Every structure is written in C-alpha cells, then in structure tokens.
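Read off the chains here:
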Amino acid sequence: MATVTVSRPPLTLSERAYLPQILAGMRITLKHLFAPNVTLSYPEQRPAIPPGYRGVPTLVMDPHGREKCVSCQLCEFVCPPKAIRITPGAVPADQPDRAHVEKAPAAFDIDMLRCIYCGLCQEVCPEEAIFLQNDYSLSGYSRDEMVNHKDRLYELGGTLPDQHFKWDKKKAAEEHGNQH
Amino acid sequence: MPTDFSFPDSAAKAANLPKEFETEKMSLSMGPSHPSTHGVLRIQFELDGEVVTKADPVIGYLHRGDEKIAENMTYNQFVPYTDRLDYLAPLANNAAYAIAVERLAKLEVPPRCQAIRVITSELARVSSHLMGLGAYGIDVGAWTVFMYCFTEREKLYTLFEKLTGARFTTSYSRIGGVARDLPPGWLDEVGAFCTQFLPILDEILALLTRNKIFLDRSVGVGVISRADAIAYGLSGPNLRGSGVALDLRKDRPYSGYEQYDFDVAVGSTGDCYDRYLVRGEEMKQSIRIIRQAVAKMPGGDWFARDARKIFAPPKDKVLTSMEELINNFMIVTEGPQMPAGEVYFEAENPKGTLGFFIVSTGGGVPYRLKIRSPSFCNLSILPKLCVGNLVSDVVSILGSLDFVMGECDR
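Chain order of the listed sequences is A and B.
FYI, the numbering for the first sequence is 1 to 180, going by my numbering.
FYI, the numbering for the second sequence is 181 to 590, going by my numbering.
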C-alpha cells in the first residue's frame with residue numbers, strides 16, 4: 001500500500017525567531033487586505049439560488065390555474081418528521097373540468113417547525129403538485145404562524161409549467177369511449 | 181524548594197510527595213457548552229492544580245435515538261437522518277449508508293453512481309478536514325486559519341447546494357442510486373475548485389505547520405502510541421497519526437476506490453501535530469482522487485435501473501404510466517424491498533470508520549440498525565489521554581481529535 005509519512009523537520013533559526021515570522025505574517029495579511037471581498041452584506045445582497053434548491057415546500061397550480069394535488073397523501077406518509085397533515089375532500093363543485101379527478105385536499109398543512117427540507121415529498125409526489133422552492137428564510141411570532149395552511153402554500157407556490165396534463169388527457173380519452 | 185515547571189510529570193511528582201504536601205483535588209466540569217468541546221461533550225475533570233488527574237467524558241447530550249428511529253421507517257426515509265450523524269460530512273454518511281443497504285440487497289450500482297459517490301465523499305472529506313483544521317486553529321489561538329478555511333468551505337457548500345439542493349443537510353443518496361444526476365457543468369466547477377484550492381491549502385497549512393506557537397501547543401502533546409491507538413479502536417486520521425496505515429479505501433475498497441491512485445498519509449509519533457499533518461495531507465490526496473474521478477467520469481445511468489423494487493421510477497414515467505405509478509406508491513409506502521439477512525459495512529469517513537450493521541427480516545424496514553460511529557470510539561481514549569496534561573493542553577488534544585457529537589451520541 002502506498003503510504004506517505006508526513007514530514008516534520010525541526011524549525012530553522014528564522015522560523016524560531018520572532019521578527020521574520022511577524023514580517024511573514026504581515027505579508028500574508030497585506031495580500032489578503034487587497035484581495036476581493038468574499039462576504040455578502042446579507043439582507044441587501046442575496047446569494048444566487050441554484051436551480052433545484054430545496055427551500056420552503058409549496059403547493060403549485062397548473063398553467064390553467066387549477067389545483068394539482070389529488071390528496072393521495074403519499075407526501076404525508078413519506079415525510080420523515082411528520083410535518084405534513086392532509087385532510088382529503090371532494091373536488092369543489094365550481095370546477096366541472098376536474099370532477100373526474102374525484103379527490104382534492106380539503107385542508108393541507110405543513111408545519112414549518114417540523115419540516116427538515118429533505119425534499120422527499122417533492123420526490124414522491126405522483127402529480128408534481130408539491131415543490132420545494134427558493135424561499136429559505138422563514139420567521140414568525142408564534143407557533144401557529146409557522147404552520148402553512150393550504151391558501152398560504154398555494155400563494156407561496158404559484159404556477160409552474162406542466163409537461164403532461166395527465167388528467168386532461170385522461171378525460172379526453174374517456175370521452176373517446178376509451179374507458180377501462 | 182526549586183520551582184519545577186515540567187508539568188506533565190508533576191502529577192507523578194505530586195504522587196511521590198509525603199502525605200502532608202498532598203493538596204485537595206478540585207473537580208471541574210468542562211462543557212457541555214464549552215466552546216472547545218466542539219459540540220456538547222462534557223468532561224468531568226479531577227484536577228491537581230492545573231494538572232488533570234482524572235478525566236471522565238460524559239456523553240449523550242445530543243442523543244436522538246437514531247438507531248431506534250431507523251426501525252420505524254423505510255430505508256429511504258432514514259437518509260435525512262444520516263445527514264445528522266457527522267453533520268460536517270453529510271455526503272459521506274449518505275453514501276456509506278446507501279452502500280450498506282445495497283450490500284444487504286446484493287445490488288451493484290452503475291459505475292457513474294459509484295464515481296459520483298466517490299467525488300461527493302471526497303469533497304465532504306475536504307470540507308470536514310477544513311472545519312477540523314479551522315476549529316483546531318481557534319482552539320490554540322489562531323483565528324486566521326479558521327477564517328481562511330471557512331472561505332474555502334463556503335465554495336464547497338456552494339457546490340453541494342448546486343448538486344443536492346441544500347448546503348448542509350444534503351440527503352443525496354437513495355438506496356440504489358443518488359437523488360439526482362449531476363447538474364450540467366458541475367464537474368467543471370469541481371475541477372476549477374480543485375485547481376484554485378491547492379495553492380490556498382498550502383497557504384493555510386503554512387500558517388500552522390511552521391508556526392512556533394502552534395508547534396509549542398501541539399508537538400509532543402497528547403501522544404497516542406501505536407498500540408494504544410489500535411487497542412482503543414481509533415480510526416481515521418487519529419489512527420493514522422499514530423503510524424497505523426489503515427485506510428478502508430485501500431484495505432477494503434468500496435464504490436470503486438480501487439481505480440484511483442492515492443497515498444495514505446500516516447504520522448510517526450502520534451501527537452497532536454501528527455494528527456494535524458495527516459489531515460492536511462489527506463486533503464491533498466482527496467483532491468487527487470477527485471481529479472481522477474472527474475477526468476474519467478463514466479456516462480450512463482446514475483441509478484440501478486434494473487432494481488425495480490428498490491429504486492423508484494423516474495418522475496415522467498410515474499406521470500404517464502399506470503404500472504410505474506403503482507410501483508412508485510409501492511416503493512414509497514412499503515419501502516425498498518430487501519431480502520432477509522444481516523450485513524455490516526464500514527466506510528472510511530472523514531472522522532474515521534463509519535459502520536452500519538443492518539439486520540433485516542425482509543421488506544422495506546430494517547429490524548435493527550446499529551451505527552458504529554468513529555467519533556464515539558475516538559473519544560473512548562480521552563480518560564487515558566487527558567491524564568497528566570494541563571487543562572489548556574486538553575483543549576489542544578480535543579481539537580486534534582476532531583470529533584462530532586452528532587455522530588457520537590446519535
């Protein structure tokens with residue numbers, strides 16, 4: 001096996017003496033004094049958030065402004081710290097084009113005091129309805145304030161593009177008599 | 181009576197003094213929130229003046245019951261918990277845990293996944309050692325080193341953020357693969373980091389390696405003999421600092437480590453200075469490994485495509501195919517399907533040997549999961565190592581052991 005034994009030669013006279021070491025230190029300090037800044041003035045300057053960042057979990061709508069979550073509760077199941085609580089309900093009557101989806105969340109709460117931002121909910125979601133987006137600094141005055149309810153989750157999530165429109169395709173197929 | 185300041189022997193001298201000179205011992209509690217204990221370690225000292233005559237580490241302040249938690253969730257759900265073992269190198273823990281479970285399933289992951297795990301583990305090693313060096317610097321009074329180390333560590337965390345979506349709690353591994361493929365251009369950024377990092381590392385190390393004050397605090401302090409290091413089950417840089425060339429990446433290669441050319445850094449005397457030097461050299465060797473892995477990064481799958489009962493199907497398949505949708509539900513709710521049996525796997529983590537012993541009765545939830553954490557075993561030598569030293573030397577010893585209580589108490 002290739003090993004390398006770290007060398008530890010004794011200190012030379014100049015390394016033991018006070019003044020040469022101080023001067024060497026000053027040289028490094030001077031070099032860094034004129035080097036570009038590595039810090040940000042945080043609240044004014046913000047770091048760039050890379051794509052795929054795991055921030056605060058949110059619920060998203062499809063491009064037609066329709067709810068995507070079908071209340072399958074898979075995210076609630078997988079969440080390691082049990083931060084998600086879903087109460088399933090029916091699709092609201094004012095959305096006739098989604099009546100065939102049958103289920104929607106009546107309530108959807110994410111307790112941000114429990115959430116660990118692991119992203120498993122987003123990973124398992126079979127509807128691409130829950131996304132961890134770019135928000136990272138949360139604060140509140142009370143514990144209640146730190147629980148994000150459904151309205152707040154949709155407000156944070158907004159609308160994301162949809163590649164599939166799976167329920168529209170399903171409806172179209174059903175109308176063509178392609179029922180299983 | 182002439183005054184003798186050779187302190188390490190003074191405990192022995194005090195023991196030889198006649199009875200009437202015997203002074204009262206003082207008991208001192210260091211920690212659990214002492215800044216030099218790197219977390220919530222508490223050491224109960226018995227002091228004779230300033231010399232330690234007895235040291236009792238009290239651990240468990242950060243105990244969360246991770247091993248019990250693992251029995252109550254599927255294999256994939258436990259990945260975020262492995263972030264929180266050695267929280268300074270979460271990527272290395274993620275990889276070690278995933279490999280352990282894959283050994284249980286006798287599952288071979290594709291070469292690309294293995295290479296990704298090697299790169300992330302080695303980047304985690306660099307980041308962990310940077311933190312170790314920086315914190316050791318503070319312990320012995322060198323703030324500058326800490327700041328320079330953190331500047332470099334920040335660059336690494338930016339890379340981790342791009343790769344995994346989080347800076348600290350990466351949760352990057354999945355059983356049978358990784359959470360997502362490398363983002364475009366990421367490997368080039370890793371290469372660029374390596375290029376600019378080496379000269380800066382030399383500058384950082386130059387601040388300490390030939391620094392008389394640092395040498396006075398570390399040379400000959402906390403010497404762990406070769407025999408002791410083996411007897412107490414030390415691992416990682418603490419063991420290699422004592423001259424034992426044990427490195428699981430060489431001795432029992434996993435995740436394709438046998439393809440990479442690197443040297444194992446070992447010390448000669450086993451004092452604090454040797455442990456520091458070994459960490460410095462290990463970072464250079466890690467960069468060597470990363471460069472080789474980046475240069476020959478294989479293409480192809482980044483997860484085990486044929487393991488249909490272990491790795492969840494890709495998202496676009498879940499959205500378009502009924503069978504894949506059902507499969508997704510099965511893997512998430514039942515867990516990745518494992519055969520009955522038991523497995524022990526240990527990986528060379530930045531802090532030492534991180535082992536997972538998993539007993540499975542089949543299905544997606546472990547029956548028992550035991551974690552062999554390096555920091556816990558490394559701390560077991562403290563009662564022997566501290567005795568006879570000054571309290572201020574204990575600070576230097578603790579810094580050189582570079583432990584993390586998150587994984588010691590788990």
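Quick caveat, the hints were computed from the structure, so don't treat them as lab data.
Errors might be hidden in some of the hints.
[As the list claims (entries may be wrong)] Listed next, with one range per pair, are the computed distances between beta-carbon atoms:
(1) B:Ala372 x A:Glu44: 23 to 31 Å
(2) A:Leu33 x B:Lys392: 33 to 41 Å
(3) A:Leu33 x B:Asp496: 14 to 22 Å
(4) A:Leu113 x B:Ala386: 31 to 39 Å
(5) B:Lys205 x A:Asp135: 40 to 48 Å
(6) B:Ala407 x A:Arg8: 41 to 49 Å
[As the list claims (entries may be wrong)] Which residues of chain B face chain A? A few of them, derived with a C-beta cut under 7 Å, are:
(7) Glu461
(8) Lys464
(9) Ser501
(10) Ile506
(11) Met510
Predicted model only: the values in this text are computed from it and were never measured.
Cβ coordinates follow ideal geometry from the N, Cα and C atoms, glycine included.
Hint check results:
1. B:Ala372 x A:Glu44: 23 to 31 Å: Once the Cβ atoms are compared, 28 Å apart, the range 23 to 31 Å for Glu44 of chain A and Ala372 of chain B holds.
2. A:Leu33 x B:Lys392: 33 to 41 Å: violated, 24 Å
3. A:Leu33 x B:Asp496: 14 to 22 Å: Check failed, 53 Å falls outside 14 to 22 Å.
4. A:Leu113 x B:Ala386: 31 to 39 Å: violated, 45 Å
5. B:Lys205 x A:Asp135: 40 to 48 Å: Roughly 55 Å apart at Cβ, these two residues miss the hinted range, so it is violated.
6. B:Ala407 x A:Arg8: 41 to 49 Å: Once the Cβ atoms are compared, 21 Å apart, the range 41 to 49 Å for Arg8 of chain A and Ala407 of chain B is violated.
7. Glu461: holds, 5 Å
8. Lys464: violated, 9 Å
9. Ser501: Cβ of Ser501 of chain B sits 10 Å from chain A, so the hint is violated.
10. Ile506: violated, 10 Å
11. Met510: The hint is violated - Met510 of chain B has no Cβ within 7 Å of chain A, the shortest such distance being about 11 Å.
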